[in-house]
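Chains as they are written, first to last, in my numbering: chain A, 1 to 454; chain B, 1001 to 1323; chain C, 2001 to 2304.
Fair warning: there could be bad hints in the mix.
Said to hold, decoys possible - Lysine to aspartate or glutamate pairs mimicking EDC-like chemistry, simulated, CA-CA at most 20 Å apart: (1) Lys436(A) / Asp1273(B); (2) Lys436(A) / Glu1320(B); (3) Lys248(A) / Glu260(A); (4) Lys255(A) / Asp101(A); (5) Lys405(A) / Asp270(A); (6) Lys2152(C) / Asp353(A); (7) Lys202(A) / Asp184(A); (8) Lys2119(C) / Glu1320(B); (9) Lys183(A) / Asp392(A); (10) Lys2152(C) / Glu2075(C); (11) Lys316(A) / Glu2075(C); (12) Lys396(A) / Asp332(A); (13) Lys165(A) / Asp196(A); (14) Lys280(A) / Asp1273(B); (15) Lys262(A) / Asp247(A); (16) Lys202(A) / Asp270(A); (17) Lys321(A) / Asp438(A); (18) Lys316(A) / Asp392(A); (19) Lys262(A) / Asp392(A); (20) Lys255(A) / Asp429(A); (21) Lys262(A) / Asp438(A); (22) Lys280(A) / Asp270(A); (23) Lys2119(C) / Glu1027(B); (24) Lys280(A) / Asp1184(B).
In short, the hints are calculated from the structure, not lab data.
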Amino acid sequence: MEDSFVRRRRLVVGLVASVLVVGACSSGGATTAPSAEASAAPSAEASTGGESAAPSTGGQLGGTVSVIGTWTGSEQDSFMAMVAPWEQQTGAKVQYTGTRDINAVLSTGVQSGLLPDLAGLPGPGQMAEYYQAGALKALDDTLDVSTYKSQTSPGLVDLGTIGGKITGIFIKADIKGLFWYNKDVYKAGDPTSYDDLLAKGKQTAASIGGDAKTFCIGLESGAATGWPATDWIEGFVLHQSGPDVYDKWIAGQQKWSSPEIKQAFQSFGDAVANAFGGSKNVLATNFVASGDHLFSNPPGCVFVNHATFITDAFQKTGGAKPDQFDFFPFPDINTAFSGAVEGSGDLFGMFNDTPQAKSLIAYLATPEAQSIWVGRGGALSANSAVTNYPSDILKKAASDLAGAKIFRFDASDNMPQAMNDAFFKAIVDYTQDPSKLDSVLSNLDSVQSSAYGG
Amino acid sequence: MDPRLITAIIVLVGVPATVIGYVFLVEQVLRLVPGKRQAAVRPWLWLLPALLFLFVFLVYPTINTIVLSFENKFQKEFVGLDNYVYFFTNPNTLISLRNNIIWLVLLTFLTVGGGLIIAILVDRVRYESIAKSVVFVPLAISFVGAAIIWKFMYDYQPPGHPQTGLLNAGVAALGFPPITWIQDAPLNTIALIIVAAWTWTGFCMVILSAALKGISAELLEAARVDGATEIQVFRAITFPLLLPTVAVVSTTMIITALKAFDIVYVMTSGNYDTNVIANQMYKELFTNSQPGRASAIAVILLLLIIPIMAINIRRFRQQEAIR
Amino acid sequence: MTALSVPGLSAATRSSRRRSRPSRRVVLNVVVIAIMALWLLPTFGLLVNSVRPAQAVASSGWWTGLFPPYNFTLENYQQVLSRGGMSQAFVNSLLITIPSTIIPIAVAAFAAYAFSWMKFPGRDILFVAIIGLLVIPLQTTFVPLLNLLGPKGIHLLGAGPGAFVAVWLAHTGYGLPFAIYLLRNYMGGLPREVFESASIDGAGHATAFFRLAIPMSVPAIAALVIFQFLFVWNDLLVALMFIGAANAPNLPLTMAVASLATSLGGDWQLLMAAAFISMALPLIVFFALQRYFVRGITGGAVKG
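Next comes chain A alone, as it looks inside the complex (with noise of 0.2 Å):
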């Protein structure tokens, strides 16, 4: 856009520039040449250089920041809307790069000391994984620690820090396990339990007639393929066997072939059986086209299990309303859980503590950071003093999020890598062939009990 055309024109403007005065390169070009810009962009100045002297209006920091994140497309562009005020407040600059390889990029660059000054951490464990290698910074020295700690929920207070330290801080955070449903398909109202939800949705279900079922799942996600089935699962594991049992997991401590886990991954392969196109489908539908049947006609299943994102697809490829569609949260199995809730977040850290690093990751965890992003929607905050959703179903899973009774983090986030790339491929071979369910169980724990032990 209007940027890198004015740092196109720069580039064309520099090279006339110095062919013109031989010799006199940068300096020279880059501070006389481009004043028909200057007026343009005043605060492009430190865009392409890098090193290039910030505009001295006193106080500022200047100089960049480079950051990576696992956020692309319109994520991207929220976040850069996020850093745009600190970035006019202080006159430095965010480069940000946003990669699916983030692993690669950040396990190889804590070998090599090659690493941006902010990352996005793929998860709780490799946050740990880096601290103790020495490469990430804590930082109780960085942030404002008790404003921090009273605006952040203490689950992810904690999940952010290492033996004391705050290692990590949650930008953004998101609700798993809700059932989305489509407002012209189901009004049975919300169920009061799981068995309630199945019985509607049945009923639902053959009141549409044809081949509907009571569930539209969509397992197929590329690498990754396998992943939204966690979210199942683990809702199962929360409310079937609460939350002691779902932290051992998480720990290690709770085999795969336990009846826990067991009867959590046959509560999932029933709702496979109950899906739409069955098991064949399942596997084959991509994750974010798996609610586009809700409004087809006829429709081809009653709910969707997924977090708030999935409503971007309902609109962009299944073709619904901006209010054709609601959710309720995973409901009750076992009441002494009532009111638990599965979330994640997208945990950030510093690895260079620069004097710009450490300005902006102070700032990201400020509510007027976070209320930028969620007002462009597509979030939910991390921090509570944030709570300017721009519609209401984002106010509802909000305040879900906030009002929870038991809160735990998104389990296969939490584990070990390998243990949870294990747990992708143990769905996929369960939902090709439940038969095999036992055998997929014993495969778990034997990586388990590799994965794991530091």
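Use these hints to put chains B and C onto chain A, whose structure you have.
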């Protein structure tokens, strides 16, 4: 001005200048060497730049890989052959090895055979460069693009619903139930290989076509004047002359098949019995943080190609003898 | 076939074409066109879907877009082209790709000449060892190389243009085995008499290299330019590693394209348009170099 542009200009002017300068420099240096030893020294000076690059960017990291393959996760302790034992006792490995053999045979056969046939056929039509460009197009598409393209071919919808994949639309039109091409073993490995073959045939075609253009037209014409049929000309002249190049593209394709990764990673992630060795290596390296195990797999890949290299040596000696 | 350098040859080719029977020519044309259609079909599907609304793409096959009611839109292309940083990334890709194409081919040409026309002990073993390097998975080279070139080594990497130099050198190293292999095969197949007569005429190796070996290897060099250009142009991982995650303004087009869709797969329809935008330049390079794949260049050079 943008410092990158300066660097680029230096390279564009500097590299050719350095290249030409280097050769003349080498010849000047050689004048200082006594005549008899010139012939012994010269090849090494000519090879020096290439050997330097290869050593730094490939050999040195490979030595590192070999060392790593005998160490544990934290690269501190020597663990002997543990990483190799792990690879060969891992239940995934057998499937991966089997799949790599299928990849090797099928991909090489399809791309080299297809590339050869296409190169020969398009040599005889007026719109040759357009025809070749069409076969070349898939190479220009990044594998992310290729994955989307083939999604529209292999896509699946439940029976009775409109199919969004072309192949299943065809299957449904014939009255059969749709097929999950990507999920059903062993069909899915072949479906993945077809994607790779669609991409790499253009590669083989371009190289074989360049070689085809190198065959003297007088030779072919002379044979035709002598009454040889096209098939006889091909068998007696064209094919033998193309053989060294066929060997080059075959070797390259065999190595490509052994390293097959992108398509599997993006389309199935190794699920549904489609796993391959390189995918296993990538996961050990970047997902499981097990550089030792990943290195062992890389070393095994190196060992696997020794027989192919041996065939190449024999072939070069033969070429040397007849030229 | 218009750019033939030796008139006699083109006449010969033409006469052979005239002689083949018409029925056979029809079959030939049908087969070639069928192959073209088969190869284009998948890409054509992408092209059609890239100009259809996302909802239509999700609910019906691309071929239904070819029938009325037509519902085409250029929205995907507009969104991709109007995105910030695209043109900058395009320039970066050029700055990465052009040197990364020239350097390895130049270096490989020397080596290939030496392997083809000089005798030295261990030649075949060394050559085959170089081919063997083709099998090395690039991923395993990253950590040692980043250690060597990065903050723990010679400090070439990091923010700024030094990273470009690193990525050029890396692509040179990675591209050399195949370049040497292909060029050695081609140069080695050139007629021995040419080089012998040049040697008798008193020409040294430098002259033979520049005057004979290089001009006669033009088709192979053209093929190499195409492939090396393509591999570097479409590379994401090497650029990400060597230019570095801390160096966003210098990253190539592949990175910009990969970050069009969200991490959760939203807006993936933009990738369809991006696929066509990013393949335009490699195709232009291919077209531009087509004229070097013409019979007669070798023959002409031999006579000249």
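Structure versus earlier hints - violations, ascending order: Hints 2, 4, 5, 10, 13, 17, 19 are the ones this structure does not satisfy, whereas the remaining hints hold.
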